[in-house]
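J.: Sequence:
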Amino acid sequence: MTYTLADDINLLGTFCSQRDLTALTQNSLQEKYNFPKADAFVLFGGSILGGVATMITAMENKIAKNYLIVGGQGHTTESLRHQIKLNYHQIKTKNVSEAEMFNALLQLKTGQTADYVEVQSTNCGNNITNMLKILTDNHLPHGSVILCQDATMQRRMGATLQKFAPEITIVNYASYEIKVILKENQLQFDRELMGMWDLDTYITLLLGEISRLQNTPTGYGPAGKNFIAPVFIPKDVLAAYSRLIKAFPNKIRSANPLYAKELKT
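So that you can map any letter, position 232 of the sequence shown is 232 in the working numbering, and since no number is skipped, the others follow by simple counting.
Everything labelled a hint here was simulated from the structure, so no lab data went into it.
We put the CB at the ideal spot given by N, CA and C, even for glycine.
Please note that the accuracy of each hint is not assured.
Below, computed lysine to aspartate or glutamate pairings styled on DMTMM-like, alpha-carbon distance capped at 20 Å [claimed, not checked]: (1) K235 - D7; (2) K37 - D115; (3) K65 - E31; (4) K251 - E78; (5) K32 - D115; (6) K179 - E167.
Each pair of labels, with its calculated beta carbon distance range [what the hints assert, rightly or not]: (7) T57 - A239: 16 to 24 Å; (8) T110 - P222: 25 to 33 Å; (9) N250 - Q26: 42 to 50 Å; (10) P249 - F35: 16 to 24 Å; (11) F248 - P217: 22 to 30 Å; (12) N95 - N185: 20 to 28 Å.
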């Protein structure tokens, strides 16, 4: 079988953008998990602006008992600030955390805010540990948690929570789904999304995720840095990754040491 660049990018994108539900509804939760409401819904600051629309859907459909936004400052923060300035100039961005910007946008659109906001975390690891601290410190039930992260980082977020709290029922729901198509000999997205990465950044993020998800000495699994629970990566995804790193040899994102805070396990 012949794979195009778009096919390979979409294989990685579909794998990383894990969604365990067909829709953010009580019926979908009931059908799959036998409960109509999760204990918590958590939007993470690494997402594009469109993640707020996904959270609004969750809140409108009353699919959780508590709603959190988690995110301090990390490798995606400046991009988020730029998108906020472009689209919502009335929202403050200077020295403001991802979670606070998302919460301000949520309030602007709905008049509501999240129940809890976390503003200190800088990476996926302490996104999760700080989230767990909020839940435990406030004596909130958290037997089931819906995680909503940027599509590129969703699978790793779920694997991180699985490492730190394997007893929790984890429901992954990536904040958006998108495909790459070839049109007029140009790779482009199949639709427009509010605050979406440019295509180069999207490819860079996906390639960086596959390198992190691998359970190898250089990956984030138990055989490597031990940041996440082991993740099974299908052969077709690994093959697509191998082809893409040959096509785009300079697009694997390195971890930024500024945001690599030590995790307490």
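J.: Which numbered hints are broken by the structure, listed smallest first?
T.: 5, 6, 7, 8, 10, 12
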